[in-house]
Amino acid sequence: MKAIVRTGAAVLILLWAAGTATAQTTFATITGIATDPTGAVVPDVTVSVTHLATGIETKTISNSEGVYTIPQLREGVYRLRAGKTGFRDFVVQEIQLSARDYRRIDIRLVVGPVDTVIEVTGGVTLIETETARISDTRDFAQLRDLPLNTRQIWAHLALVPNVLQAATGSTIRFSGSRTNQSHWSIDGTTMSDGVTETQIGPLANYVESFQEIRIDAANNTAEFGTVGQVTMISKAGDNSFRGTLFDYYSTPWFRARNPFATERSTGVSHLPGGSAGGPVYLPRLYDGRNRTFFFTSYETYKSSLTSHHFSPTVPLAPWRQGDFSGLTTVVADPTNRQPFPGNRIPAARLNRTAVALQERFYPLPNFGDTSVLRSQNYRETRTRKEYDQYYFVMRMDHRFSEKDSLMGRFTRVDFTIEPFEGLLPTIGQGLVTRTNNAATVAYTHTFSPTVLNELRWGLATNDLPIFPPTRGKKMVEEFGLVGLAPDLPDVPGILTIGFAGLGLSGISQANFRSPGAANYLHNFQNHVSVFRGRHHMKFGANIARVEFNHYAADDALFGNLTFSTRYTGFPYADFLLGIPSTARRSFPPLRQDRLRYQYDFFYTDLFKLTPRLTLNYGLRYEYHPGWTEQNGYLSMFDIGSGKIVVKDGSLARVSPLFPKAYVDVIEAGKAGFPGGTILRTDRNNFAPRLAVAYRPWGDRTVIRSGVGIYFDVVPREANMAGVPFLVNEEPFTNPADNPAVILPRVFPAAGGAGPASVSLPAAVNPNLQIPYSMQYSLTVEHMRWNTGFRLSYIGTNTRQGDYAYNYNSPRPDEQLFIHKARPFPQYPGITYFTNGAGHQFHGLTVEAERRMARGLHFQSSWVWARDIGDLERGQSLENPFDRWRERSVWPDIPTHRFTTNWIYEIPFGKGRPFLSGAGRALDLAVGGWQISGIYSYYSGQFLTPLWTGPDPTGTAFTASATRPLVTIRPDHLRDANLPAGQRSLSRWFDTGAFAPPPIGRFGNSAKGVIKGPWVNVWHLGLFKSFQVTEQVRLRWELTATNAFNHPNYSNPGTNISQLAAVGVITGVGGVQGASTGDMPFERRFRMGVRLEW
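For the sequence shown, position 520 matches number 519 in numbering that gives the first Met the number 0, and the numbering has no gaps at all.
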C-alpha cells in the first residue's frame, strides 16, 4: 500500500509540473462474476483473455466475491479462458470489443475434469449492461461500406441518434448539448481546438487510418468532462502483414445538375492512398511478433478544375444608368425631396466612385426575367482548383512485458484550397494553406492484478495561413477612398457594401480579413485503476495547455457602408448618389497571443451491489483559469467604477490614438481584479455523476438510468487585443438632412461624434461562473434475434449560460436616442456579459441495431425532441430589458428525426449460405456482392423573421437625430406557415404575416415561428469482391448520395425588408448536417477500387 501511495504522489507531482487538453482512456474492460452450478461465487479462478490478432494475453484472478475485471484491453477480437482445479475450463470465443466497451461476461463453472472445456461464443456488445451512458460505435467496415461518398469521419456522426450538426458552423450537438459542450480525441488525447471546443476537422478527414469511432452522447462517467464525447481509435498492426491500395474516383458525368445551376459541375477527383501494418520484423535482427507492431497509411485527395456556381442578385441594367422609371417607388432628389423627373437620376449626378464600384463588382443580370428584380438573377459557372490534401499516419505499439506496454502515433495533414470569396464572381479567389499535426504517446503499467496505471501525452496543432483575393490598401488606392484610419496595414480586406430593404448581394470579403491563425494544444493525463472486492475504482488528473495566435481585422478596416431608403426612397439610388445610411470604420488590429491552462481531477467507482445491480458514482473537479494575453493586450470595462481595466503592466501599451480624457484606464491589480486574467477564476466546479444499471431478468434486458453535471470547458475571457490598445468606433449614422459621408469618403473627417463615438471594451461580470449542464436519462434495452432494442429518454439543461446585453441602453420608447437618459451618458453602448441564460432539452429515442451477423447489419432510430431556451453562449438580447422574450423553441433541434442504415451481403457464392460450392465462373458472377444504404428524414428548422429599418425603439446608439438602421424581429400578425399545397420556392411562407414594428417598441414576433424545409434523402451503395488468392482480395465499389435526386432545399430568406429574397429558397444542400454526412445535395456517384491483403 505504501508503494501505491508513493506512486500516486509522484504522478501528481509530475502532473502539476507538466504543461499540457482533456484526454481519456480508450481501453475496453471485461468484467463478470464466477459462480458454480449452485450459484455460489467462486474465488481464485484464473481468467485470461487473448487478443487473437496479436497473441497478447492478459491474466487476472477472481477475488473473494467471485468478481474478476480485466481492464486496458485494446479494441479487437478476444478469447477468454477461465479455470480452477475441480472445474471444467470455461472458454468464450470471438469476443468483439470496441473502444471503451465495458463488457460483462459471467463465468459459470461446471464440476468436471480440468482437461474438458465448456465453450460459448461472445460476439459483439449489443446492449450496455454496466453503465448508464448512451453511445454508438462505428467500426472500420461501417466507415468503409456505408455510402456517404466522403472519406471523412465526420460524415458518420449524422447517422447516430441524438447527434446532429448545429445550424451554423461545424459544431455538433449531443443530446441537446450546446455547441461547446463536446470533446474530441484520437487515441485518448484531444483534437479539440481548445478555443471554441470544437474539433480540428482535418485530423479526421480520412477513414483508412481509423479502426473505429465511438460516440458517447449521454451520461458519461466522471472520467469525462463534457456531455458529448467522440473517441477515434487509429488502426494498429498485429501478427499478420496486412495492407491496402485504393483509389476513389468521381467525374462530372457522375453528378446530377444542381437545380439552381445552369449546368452540372465540372471536375475530376481522385482519392488514392494505401496502408500497411504488421509486426516489426528485421530478418536475423528482430522478430516483433506478439511484441512490436506498426501501422502506417497515406491518403490524398487530388482534384482537377471544378465548378463553382455563382447565383447572386445584381442590379437591373437600367438602374446602372440611374433609370428607375420601371419602379412604382418614387425616387426623390435628396437636395429638395422632390421626385427626379421620370424617376431618372441625371448622369451628371451619379457618384463617380459608386459607378466605378458598380462596374468593378456588379455584372449585368442574365437569368430569368431581367426587366424586374428577382432573387438570383445572375448565373455564372467558373472553375477553380477544389483542393489538394495529404494525410499521413504512423503508429507503433510495443509490449515490454506482461506489465508494460507503449503506444505512439503521429498524424500530419497538409491541404491547399483556392476558394472564391463572397457572393459575386468579381471578388476573386483566395488561397488557404493548412497544416495540422497530432501526436499521442501512451504508456500503461500493471503494478499488480488489482492496480494499473495509464499515462498519456498528446499534441495537436492547427496552422492556418490565408492569402486573399483582394488587399485592402490596393482597393483604397484604386477607388480613392478617404476617411479611413491612419497607417492602414497591407492585409486582406475590401470596402464592404450592403443594402437594406432590397435583397441585392453585397460586396464583401468577410472570410479573408486575417492573414491566418494558429493554435497549439498539449495534453497530459494519468489514470489509476484499483480493484477491490466488488469495486472498480478509478482516479486521475488531466492537464491542458492551450495556445492560440490570431490576427483578425474587423470587416470595417477598409470601410463598411450600408445603403437604405433614407435619401431617395430606394437603396440602389442612394448608392448611385454615393450616400450611405450607415458608415463604419475600424483601426488596424493587433496580434493576439492567447494562453490558458486547465486542470481536471476525477474519481469514479463502478460498484457491483449485486450480480444484477451495478452502481456507478463519481466526482469530477475542474479548475479552468481564464485566458491570458501574452503581450498584455487584455482589457475590460468596469461598470462599478466606470473605468477601463487592463492587465497589470500594460498601461504603456495603450494606443496613442485613444482619447486620454475620455475614460480613465487603470491596471487590474489597482482596481481589485486579478492582474493576469482580470476576471476572477470560478473555483466551485464540482461535477458529481450517479448511474445505475439493473438486469431484472438475466442478461438480455437492462434498465439503466443516470444523472450528472457537466461544465463548459472554455471559460469566458476579457477583451483580447481591443480597446484601449487600439481604437474602435461606433457605427456612424449619416444625418438625413446634411449627410457627412458621401463616396469616396467612407467616414466623417472629424470621426463619428468626438470621443463619445469611441467604442469601449465589453464589460464582464467579474465573478462570471462557468456554465454547466445537468443531464439525466432513463433507458430500457433488450436483446433478441441478434439485435439490440433501446428506448431512451434523455433530458439536458444548461444553467448559468453566459449571454450579453447593452448595459448602457436607454429604455425602448418613442423618443430619439439622443434625448434619453442612460447609466453612462458620456459613452456609447456597453456590451455586458453575465450569467443566466439556459435551455431545456427533452428527447425520446427508439432504436434497433443489429451488428453484422449472418451477412446483415442495420441500425434504425427515431428521435422525438424539443428544446426550449433563450440564448446560445455569448449571444445578445434584442431588448436589453427583457430576456424572457428570447425564450423559444431552439432552431436546429428537429422535432422528428428518423435515420436508418444497413449493410447486406448478398447470400450467394463461396462463403455465403447459397451456392457456397459454386465453381470459379459462377462465383465470379454471383458471389461477393454487397449492398448498403442510408435513409434520413428530418423535420425542418424553426426560423426567425427579421426586419431592417430605422430604429423604432430609440435604443441603438447614434449621435444625431436620424434614427440608425437596425435589424430586429418584426410584428407577427398571423401564422406564417402555409399549407403544403401553397408552398413554393418563391413563397415558402406567408411574408404578409409580418409587419414592421411601430415607433416606440420592439416587434412582438417570437423566435422560431417559421418552419423551414425538411430533409428527405437516400444514399445507396453496391460492392463486388473478387478473391484473387486466399489472402488477397480486389474490391469494386459504386456509391450514390441522394440516389433518387430528391431536392432538399436550404432555408428561405426571412428578412421581410429584403424584398427580392424574403420567403425565397435559393439553394439545395439541406439544413441539417449537410457537411457532416446527410449529403442532401444533388445526386453524386463515386466509384472506388480497393486491393486488400
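Treat the hints with caution; some may be incorrect.
Pairwise CB distance ranges (calculated) [as the list claims (entries may be wrong)]:
no.: 1; residue 1: Ser915; residue 2: Pro36; range: 47 to 53 Å
no.: 2; residue 1: Phe391; residue 2: Thr966; range: 43 to 49 Å
no.: 3; residue 1: Thr1028; residue 2: Phe409; range: 45 to 51 Å
no.: 4; residue 1: His269; residue 2: Gly479; range: 25 to 31 Å
no.: 5; residue 1: Asp881; residue 2: Arg531; range: 54 to 60 Å
no.: 6; residue 1: Ser859; residue 2: Pro695; range: 23 to 29 Å
These are computed hints drawn from the structure, not numbers from a lab. These numbers come from a predicted model, not from an experiment. Ideal Cβ placement from N, Cα and C applies to all residues, glycine included.
Evaluated hints:
1. Ser915 x Pro36: 47 to 53 Å: This hint is violated: roughly 40 Å between Cβ atoms.
2. Phe391 x Thr966: 43 to 49 Å: holds (46 Å)
3. Thr1028 x Phe409: 45 to 51 Å: violated (33 Å)
4. His269 x Gly479: 25 to 31 Å: violated (47 Å)
5. Asp881 x Arg531: 54 to 60 Å: holds (56 Å)
6. Ser859 x Pro695: 23 to 29 Å: holds (26 Å)
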